[in-house]
Amino acid sequence: MLEIRNLHAKINDAEILRGINLTVKPGEIHAIMGPNGSGKSTLSKVLSGHPSYEVTEGEVLYFGKNLLEMEPDERAREGVFLAFQYPIEIPGVSNASFLRTAYNQVRKHNGEEELDPLEFDDLLQEKIQIVEMDKAFIDRSVNEGFSGGEKKRNEILQMAILDPKLAILDETDSGLDIDALRIVSNGVNKLHSDTNAFILVTHYQRLLNYIQPDYVHVLVNGRIVKSGTKELALELEERGYDWIRDEIEAAGAAAGAGA
Amino acid sequence: MKAELSKSKNPYAETFAEFAEARAGETPSWLAGKRAAGFAEFEKLGFPTVRDEEWKYTNVARVAEQVFTAADLAGLDLALAGKSIPFYAESEGARLVFLNGVFVPELSDTSKLNGGIEVSRLSDAITSNGDLVARHLGSLAKVEGRAFTAFNDAFLTDGAFIRVKRGQAIEQSVNLFFVTGPQSDHRSTFPRTLVVAEEASIATVVENFIELCDERGRFGNRTYLTDAVAEFIVEPGANLSHYKVQHEGAKAFHIADTHVSLNRTSVFTSLSIALGGQVSRHQVSVAFGGEGGECRLAGLYLTADAQVADTHISIDHAVPRCESEVTFRGVLDGKSRGVFDGKVLVRKDAQLTNSVTSNKNLLLSNDARVDTKPQLEIFADDVKCGHGATVGQLENDEIFYLLSRGLTPEQARTLLTYGFAREITDGIKVASIKSHLDDVIGARMAKRNTKAQGHDGTKG
Numbered sequence: 096m097l098e099i100r101n102l103h104a105k106i107n108d109a110e111i112l113r114g115i116n117l118t119v120k121p122g123e124i125h126a127i128m129g130p131n132g133s134g135k136s137t138l139s140k141v142l143s144g145h146p147s148y149e150v151t152e153g154e155v156l157y158f159g160k161n162l163l164e165m166e167p168d169e170r171a172r173e174g175v176f177l178a179f180q181y182p183i184e185i186p187g188v189s190n191a192s193f194l195r196t197a198y199n200q201v202r203k204h205n206g207e208e209e210l211d212p213l214e215f216d217d218l219l220q221e222k223i224q225i226v227e228m229d230k231a232f233i234d235r236s237v238n239e240g241f242s243g244g245e246k247k248r249n250e251i252l253q254m255a256i257l258d259p260k261l262a263i264l265d266e267t268d269s270g271l272d273i274d275a276l277r278i279v280s281n282g283v284n285k286l287h288s289d290t291n292a293f294i295l296v297t298h299y300q301r302l303l304n305y306i307q308p309d310y311v312h313v314l315v316n317g318r319i320v321k322s323g324t325k326e327l328a329l330e331l332e333e334r335g336y337d338w339i340r341d342e343i344e345a346a347g348a349a350a351g352a353g354a
Numbered sequence: 011m012k013a014e015l016s017k018s019k020n021p022y023a024e025t026f027a028e029f030a031e032a033r034a035g036e037t038p039s040w041l042a043g044k045r046a047a048g049f050a051e052f053e054k055l056g057f058p059t060v061r062d063e064e065w066k067y068t069n070v071a072r073v074a075e076q077v078f079t080a081a082d083l084a085g086l087d088l089a090l091a092g093k094s095i096p097f098y099a100e101s102e103g104a105r106l107v108f109l110n111g112v113f114v115p116e117l118s119d120t121s122k123l124n125g126g127i128e129v130s131r132l133s134d135a136i137t138s139n140g141d142l143v144a145r146h147l148g149s150l151a152k153v154e155g156r157a158f159t160a161f162n163d164a165f166l167t168d169g170a171f172i173r174v175k176r177g178q179a180i181e182q183s184v185n186l187f188f189v190t191g192p193q194s195d196h197r198s199t200f201p202r203t204l205v206v207a208e209e210a211s212i213a214t215v216v217e218n219f220i221e222l223c224d225e226r227g228r229f230g231n232r233t234y235l236t237d238a239v240a241e242f243i244v245e246p247g248a249n250l251s252h253y254k255v256q257h258e259g260a261k262a263f264h265i266a267d268t269h270v271s272l273n274r275t276s277v278f279t280s281l282s283i284a285l286g287g288q289v290s291r292h293q294v295s296v297a298f299g300g301e302g303g304e305c306r307l308a309g310l311y312l313t314a315d316a317q318v319a320d321t322h323i324s325i326d327h328a329v330p331r332c333e334s335e336v337t338f339r340g341v342l343d344g345k346s347r348g349v350f351d352g353k354v355l356v357r358k359d360a361q362l363t364n365s366v367t368s369n370k371n372l373l374l375s376n377d378a379r380v381d382t383k384p385q386l387e388i389f390a391d392d393v394k395c396g397h398g399a400t401v402g403q404l405e406n407d408e409i410f411y412l413l414s415r416g417l418t419p420e421q422a423r424t425l426l427t428y429g430f431a432r433e434i435t436d437g438i439k440v441a442s443i444k445s446h447l448d449d450v451i452g453a454r455m456a457k458r459n460t461k462a463q464g465h466d467g468t469k470g
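For the record, the sequence lines run as chains A and B. Following my numbering, the numbering of the first sequence begins with 96 at its first residue and continues without gaps. Following my numbering, the numbering of the second sequence begins with 11 at its first residue and continues without gaps.
Honestly, the hints are just simulated from the structure, not real lab data. Not one of these hints is a red herring.
Heads up, simulated EDC-like pairs for lysine to aspartate or glutamate below, C-alpha to C-alpha not over 20 angstroms straight-line:
| no. | chain 1 | residue 1 | chain 2 | residue 2 |
| --- | --- | --- | --- | --- |
| 1 | B | Lys370 | A | Glu184 |
| 2 | A | Lys120 | A | Asp309 |
| 3 | B | Lys370 | B | Asp407 |
| 4 | B | Lys261 | B | Asp195 |
| 5 | A | Lys203 | B | Glu420 |
| 6 | B | Lys370 | A | Glu239 |
| 7 | A | Lys105 | B | Asp407 |
| 8 | B | Lys444 | A | Asp234 |
| 9 | B | Lys93 | B | Asp119 |
| 10 | B | Lys439 | A | Asp234 |
| 11 | B | Lys358 | B | Asp326 |
| 12 | B | Lys54 | B | Glu75 |
| 13 | B | Lys261 | B | Asp224 |
One-sided and incomplete, this derived list gives chain B residues near chain A with beta-carbon spacing under 7 angstroms:
| no. | residue |
| --- | --- |
| 14 | Leu413 |
| 15 | Thr418 |
| 16 | Arg432 |
Each residue gets a CB set at the ideal place from its N, CA and C atoms; glycine is no exception.
Please build the complete structure, drawing on both the sequences and the hints.
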């Protein structure tokens with residue numbers, strides 16, 4: 096469903112992504128790991144269409160269509176979802192009305208009938224159980240005054256409602272205590288199916304104890320330098336990222352020597 | 011020589027002379043004197059100009075350059091007007107209606123208001139409650155230095171009188187409709203409200219200023235002046251809630267002067283909404299006269315096109331242990347302009363004063379502008395006072411967050427604008443006013459969304 100080819104992107108003239116290649120098929124879970132500043136969050140934001148990032152080279156195909164030509168809201172309606180690393184607080188806008196507007200936009204886009212507030216409330220009551228959230232959160236302003244864990248659970252609730260085809264979770268595990276981590280992971284596992292795919296962007300292996308990835312990729316300096324299975328994540332946990340950097344340098348030196 | 015004299019004469023002098031003469035003998039003498047004093051002050055001052063510090067940002071030259079004649083009911087179909095006025099559910103059995111400045115008994119109905127409250131037209135109250143009216147009318151709204159207030163005094167004919175009796179709690183809101191209808195182009199009205207909330211009474215008063223559509227259902231094609239004055243006397247322990255909904259026509263001038271006197275442990279809560287008018291101004295002056303008083307003033311101005319909406323607040327903490335809270339929000343679109351001036355004076359004796367003023371503005375276009383000036387003048391040493399003001403546009407991060415969930419840019423902006431206004435709209439306890447305001451915000455956003463989206467007012 097997703098094909099990223101030689102993707103380069105920059106923000107404020109700083110090149111962050113320097114040639115990403117990645118293929119994601121329906122039903123797959125990909126974990127993208129890497130040290131701070133490697134470009135993990137940038138990749139998430141570029142895929143969701145954040146206006147601050149400029150793609151300078153490469154292409155991204157989403158179900159055969161050019162994703163980069165689509166507006167952010169169009170991407171969302173086509174089933175791309177980004178769970179934010181830092182969910183935004185929106186004072187005065189209730190979770191319920193926000194979610195219903197979003198949900199109905201997706202319905203409309205898919206040629207389905209929109210739900211009225213009562214019908215939507217039923218759906219909301221059902222989905223809110225997935226993230227074990229208090230019902231009071233529904234009427235509160237979006238993320239306003241939420242704790243870090245509540246914000247992340249709210250992201251998963253939004254994901255559960257919108258039922259995306261491709262969900263990108265940008266460091267959703269950061270700042271979560273063990274209970275919240277379990278809830279968030281359960282949510283992802285419940286929502287995962289043969290027809291959707293997940294990209295988990297994470298710094299730590301911890302999340303992968305709860306969610307089994309099919310592939311683990313290591314991002315360093317804006318490139319995927321190593322791909323493997325979840326054993327790679329365990330190795331990273333144990334050994335850190337330095338050995339990968341060393342490997343790259345060695346490979347680079349070898350290539351240089353060979354030239 | 012004579013011609014020269016009349017040239018420099020106030021353009022309303024002749025009208026006033028005729029007006030006063032027509033009423034000679036029919037009113038109590040104090041009223042005639044009040045009118046004469048009002049006109050004398052108005053004549054002395056003339057309309058304010060932008061050289062006047064208090065009117066620096068609000069240009070009323072267009073008011074000064076034409077002569078408005080007093081509006082009346084001539085040629086109006088009252089039954090039709092009655093059907094067109096948007097009376098909301100809460101006003102059934104509890105309203106006074108003034109059309110083109112004239113009280114309309116056929117459209118007014120106070121049958122639901124019980125004996126705990128007196129609600130009548132001011133001209134009746136002058137007869138039935140003569141002493142009370144004489145004592146209070148103009149006791150707060152002094153004409154000195156205030157041209158529009160003096161102008162109102164000069165042409166004072168009628169208005170609303172409300173007396174909430176001692177110890178009475180009136181659940182039903184009292185709704186005043188000052189409606190400007192057909193035949194009002196280049197005309198003026200002088201609405202007047204006098205409210206006396208007696209000791210330990212509770213009541214809610216709603217002032218509505220609206221324009222009626224013309225025969226073809228069109229709004230906003232008449233240039234008229236509403237020069238309104240309201241006085242609220244809140245006696246010890248009384249609790250008075252006030253709403254002012256200004257939804258005048260797009261070409262109207264609306265100048266309102268509201269005065270409040272708060273006595274010991276009394277509470278005044280006001281919510282002022284400005285939606286219409288090419289130039290509108292709401293001036294609120296509050297004076298604390300007894301310890302333990304509380305005053306909460308909130309408001310929302312929603313402007314577009316070339317509208318100017320001006321809010322001037324002045325709170326005088328003259329006695330100890332009083333609280334004031336001023337919360338105004340502005341949403342400005344097009345080339346519109348907002349003015350907020352909030353003065354809080356804490357006198358030497360007003361120890362243990364609590365006061366906070368906040369004014370936040372959301373600019374939806376790059377051409378909109380706000381001049382905001384909260385001011386504190388403190389002469390007491392044991393007080394808690396604060397003020398703050400912000401002017402900003404919709405946050406890109408917030409918009410992107412909503413877009414990332416599939417909302418269109420238009421939906422995102424509308425939702426965020428609702429969210430911004432909610433701080434004020436949530437405080438509206440009269441449901442119909444709240445839903446009216448929601449509708450207006452929705453309609454304004456829908457209208458702007460259908461326009462070219464070149465100036466979307468987001469941070470670049």
